[in-house]
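Letter by letter, the chains look like this.
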Amino acid sequence: MKYDVTVIGSGPGGYVAAIRCAQLGLKTAIIEKYNVLGGTCLNVGCIPSKALLDSSEHFHNAAHTFTTHGIELENLQVNIQQMIKRKAEVVKSNNDGIAFLMKKNKIDTYYGLGSFVNKNTLKVAGIDGNEQQIETDKTIIATGSKPAALPFLPIDKKRIITSTEALTLTEVPKNLIVIGGGVIGLELGSVYARLGSKVQVVEYVDAIIPTMDRALGKELQRVLKKTLGFEFFFNHKVTGATNEGETVKVTAENAKGETVTFEGDYVLVSVGRKPYTEGLGLENAGVQLGERGMIAVNDHLETNVPGIYAIGDVVRGAMLAHKAEEEGVLVAEQIVGQKPHINYNLIPGVVYTWPEVAGVGFTEEQLKEQGRAYKLGSFPFKASGRAKASMDTDGFVKVLSDKNTDEILGVHMIGPRAADMIAEAVVAMEFRASAEDVARMSHAHPTYTEALKEACLAATENRALHI
Amino acid sequence: MSLEVKVPAVGESITEVTIAQWLKKDGDRVEMDEVIAELESDKATFELPAEAAGILRIVAQEGDTIEVGAVICRIEQDGAAASAPSAPAAEKAAAPAVQESAPAAAGGAGEAVEMKVPTVGESITEVTIASWLKKDGDQVEMDEVIAELESDKATFELPAEAAGTLEIVAQQGDTVEIGGLLCRIVPGAGAVKANAQAAAKQEEATQQVAAKAATASGAQTYASGTPSPAAGKILAEKGINAADVQGSGRDGRITKEDAQNAQKAAAKPAAAAAPKQEAAAEAPAAAGDRNQRREKMSSLRKTVARRLVTVKNETAMLTTFNEVDMKPIMDIRAKYKDKFKEKHDVGLGFMSFFTKACTVALQEWPAVNAQIDGNDMIFNDFVDVSIAVSSPKGLVVPVIRNAESLTLDGIEKEVIRLAKKARDGKLSIEEMTGGTFTITNGGVFGSMMSTPIINAPQSAILGMHNIVQRPVAVNGQVEIRPMMYLALSYDHRIIDGRESVSFLVRVKELLEDPMRLLLGV
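If you're matching them up, the sequences are chains A and B in order. Going letter by letter, the first sequence gives residues 1 to 467 in our numbering. Going letter by letter, the second sequence gives residues 1 to 521 in our numbering.
Watch out, some of these pointers could steer you wrong.
[Claimed, not checked] Taking lysine-lysine pairs in the DSS-like style, the calculated list, with each CA pair at most 30 Å apart, reads: (1) Lys312(B) <-> Lys327(B); (2) Lys233(B) <-> Lys106(A); (3) Lys43(B) <-> Lys403(A); (4) Lys327(B) <-> Lys43(B); (5) Lys104(A) <-> Lys233(B); (6) Lys256(A) <-> Lys225(A); (7) Lys158(A) <-> Lys249(A); (8) Lys2(A) <-> Lys27(A); (9) Lys237(A) <-> Lys146(A); (10) Lys158(A) <-> Lys146(A); (11) Lys25(B) <-> Lys327(B); (12) Lys158(A) <-> Lys174(A); (13) Lys25(B) <-> Lys116(B); (14) Lys256(B) <-> Lys403(A); (15) Lys157(A) <-> Lys198(A); (16) Lys403(A) <-> Lys296(B); (17) Lys92(A) <-> Lys274(A); (18) Lys403(A) <-> Lys339(A); (19) Lys27(A) <-> Lys106(A); (20) Lys123(A) <-> Lys103(A); (21) Lys24(B) <-> Lys339(A); (22) Lys256(B) <-> Lys339(A); (23) Lys119(A) <-> Lys339(A); (24) Lys27(A) <-> Lys233(B).
[Said to hold, decoys possible] Looking from chain B toward chain A, a few residues come up when the C-beta cut is under 7 Å (computed): (25) Tyr222; (26) Ala223; (27) Lys233.
[Said to hold, decoys possible] The following label-pair restraints were derived from C-beta to C-beta distances: (28) Glu461(A) <-> Asp64(B): 36 to 42 Å; (29) Ile429(B) <-> Val336(A): 39 to 45 Å; (30) Glu365(A) <-> Asp424(B): 56 to 62 Å; (31) Lys25(B) <-> Lys382(A): 43 to 49 Å; (32) Ala243(B) <-> Asn404(A): 19 to 25 Å; (33) Glu430(B) <-> Val427(A): 53 to 59 Å; (34) Glu62(B) <-> Ala99(A): 39 to 45 Å; (35) Met441(A) <-> Glu62(B): 56 to 62 Å; (36) Ala423(A) <-> Val35(B): 43 to 49 Å; (37) Lys337(B) <-> Asn404(A): 56 to 62 Å; (38) Asp64(B) <-> Val336(A): 37 to 43 Å; (39) Ala99(A) <-> Gln246(B): 43 to 49 Å; (40) Gln246(B) <-> Val117(A): 51 to 57 Å.
Because the hints were derived from the structure by calculation, they are not lab data. Note that CB positions come from ideal geometry on N, CA and C, so glycine has one too.
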């Protein structure tokens, strides 16, 4: 078979790229290593973790806040098997959805390990041992990433686990040690903390979610400690972990250079993810790798080999599903001669803890570093009528705007539905709205998004109305 | 309060104007009498001053052709501007200013102004009201045209003598004697201008209002010219720089529609090249820049073009030549130019000699200074010399009136004055109409010989050319002399060959022996 475009990898970047290519009239194929479509995000990432986050959040609320709401339950229990089963169903249903989208858009789907034979020939090695070759004019590499490991700390997938295993545990850990205070560690840590685990986070640097605006990390740390009993150990360098059968022992070096030991029944290693390029046969096509194992691409996401593109986690930039999706669309449109662009500064970052954390644009730290004159407006959910009604009063919205022009430069929020609310900030910033612009737009009352309006008012002339 | 600015009447024969350029943008604050736009008619370019201070709201766009009397823009006067959803604080600041001025305006506005038929000329005793442009009870502004009057000679316009409410007395179609009552204007609610002027005094306060209003609702900001995500993509594909697109979105942001429309206006070749780069590369491309530009003809140039063709088609045009030995004039200039300059404060050029020589010759051969009007011939006892000047907007021909009675320095001064106005596009219609004969000097650009086209309805045009050193026979001797060819194009229907040739010979004689000008021989 000969295709105009072949996509390797069916994650959110890959399958979206394939759909967009098909929409643009290109004959398109997609190759997936596993026997289901959707990649990390759908199978072992965003979707299943969100399924468990929602389930555990319901349980947590039932256990802790329902009484206040006037709902009394007896014998509240977690059926972890059912929880995991429901999660599997959600995943399955989404798998089917993507398979349908491929069919609808007349995209040929190949299951098997895709690799380059040469620039225009790809080999698909099926699990059953069958091999076939397809010819393609252009190729989009969207093979994503996999959990990174520490060299001295081998993952045994039993007690020393990654996010993938954490999504299929059959019991609630009594004591979960999380190595790494990033998004994945905090999200999965939250799931099990809500279900009753004692969670200890061991972090190498001095803050959680360190790449986001620092104010967010501080507030999240406070809330997780307060509501879920998280324990944080900062400036701790993990030195090893041993599976002791029923338990696991983690050793680390603290800021003073002393050795510290943590004991739990599971240790979740969430120290980041690394690009996944193994078995791709890049050398056969002459595609070069860049820093840290990523595929080197230019601004058009084209590799050093013309006609071969790479998107998503496998290239530079944030490892986010929505970033990969934008890149997939960008490459597809470029192939047919259009000239799309991505504003990388306006790709929002989200953490699905509760409260949710979201941010877009420059952080306050970045603005300080740039020496840019900015104004800060902030509004706490404590002062939001809607948040009070739902008992979700933790968190705040923080708006950073240019001191002279009032242009919004960054919006950072932690609070209920922040993941959804951040979209308003993205829209505003794509149109280079000023803080006052947003402040002058009607926001339904009572809603969480009013907090953004109020923060914008605060940034404008410190004239928030409800505080 | 919003004031409608209409295309002013600029002359009897002009019915429509084209908006050449807006000098202010929509949403800009303008001051009273500030020039806000350049308008072009088929005769001239002129400027549109703001009739009041306030925020400009453009109605007719650049390039639009609109009729005289049509609304061209609105000016939201200060009161209205302050109510924009912007800075309440500034609004408060502006409000007292207007309030203070209001009683004063009202106090001064007591009696109704009676408007009577103006005296329009000695021979006119009555006028007919062709149309009322305002209805009974309408608010009118001072100097706003409220009616069109007709006499047996001409149509003219009636401007309001005051601001206020119009009370019509004489109806449309009525014939009213000079001095008869046409209407009354009752000052009061319509005294907008008084308010505007009072508000203008509060310059500082109101300008702050405008500045605040601008950031909220219109003017140039950091975001002006920023394309929306979809617009940015479209522009990139068309190869159009966002800076070249006028954004219509909030604060001048470029909307998707702006980007889509940008194609129609802007560089077509670039747009075509973008999607088909590969195909384009295959064709053997010509070396060098192949860019084309398409510009709209100004209405002035359109009119000139039309008239030139008409003249060629409708006259029996013929050209006769002669040559002039310029040495005598050049000698005179060399000898007296410093003194002349010192005495008259103007340089002694060739134009004055030529104009003077022509006026003398034209009086001797009046047919050359005449024109055909239907079945009649009109002979002029005066000489109004049109001088052809190329201006940035096209060829214009301002007129030196009664050139026959002017001295050489008087002519030079007129030439300089008119040429300067032509260059700045400031010539009025009066200054360009009514010439009886035209002189054109293609020689200044190096032309050796040409056959100029008559400037209708005139019957003849003299073409001057460049001066070239050539050997000529003078008294049986070959001498090198500065020679110039003269061309006279004329309408053979009214000017016979004897007259045209004799006219040209007479001009030649006067130029070759300027003493004759002095002696009248």
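Next pair to validate is Lys403(A) with Lys339(A); report whether the Cα-Cα distance is within 30 Å. Violated, because 33 Å separates the two Cα atoms, which is more than 30 Å.
Tell me if the beta carbons of Ala423(A) and Val35(B) are separated by a distance inside 43 to 49 Å. For Val35(B) against Ala423(A), whose Cβ atoms are near 47 Å apart, the range 43 to 49 Å holds.
So if I understand the rule, the pair passes when the alpha-carbon distance is 30 Å or less; does Lys2(A) with Lys27(A) pass? holds (8 Å)
Hinted pair Lys256(B) and Lys339(A), Cα distance within 30 Å: holds (15 Å)
Take a quick look at whether Lys233(B) and Lys106(A) sit within 30 Å of each other, Cα to Cα. Given that 30 Å is the threshold and the Cα spacing comes to 27 Å, the pair holds.
Can you confirm whether the C-alpha distance between Lys119(A) and Lys339(A) stays at or below 30 Å? holds (24 Å)
Have a go at the Lys233(B) hint: is there a Cβ in chain A nearer than 7 Å to its own Cβ? Holds, about 5 Å.
Given the hinted pair Lys92(A) and Lys274(A), is their Cα-Cα distance within 30 Å? holds (26 Å)
For the pair supplied as a hint, Lys403(A) and Lys296(B), confirm whether the alpha-carbon distance does not exceed 30 Å. The hint is violated at about 44 Å.
Need the status of pair Lys158(A), Lys249(A): alpha-carbon distance at most 30 Å? holds (13 Å)
Given the hint of 19 to 25 Å, is the C-beta distance from Ala243(B) to Asn404(A) inside that range or not? holds (21 Å)
Tell me if the straight-line CA distance from Lys327(B) to Lys43(B) falls inside 30 Å. Since the Cα atoms of Lys327(B) and Lys43(B) sit roughly 39 Å apart, the hinted pair is violated (cutoff 30 Å).
Checked against the numbered hints above, the structure violates hints 1, 3, 4, 11, 13, 16, 18, 21, 29, 34 and 35; every other hint is satisfied.
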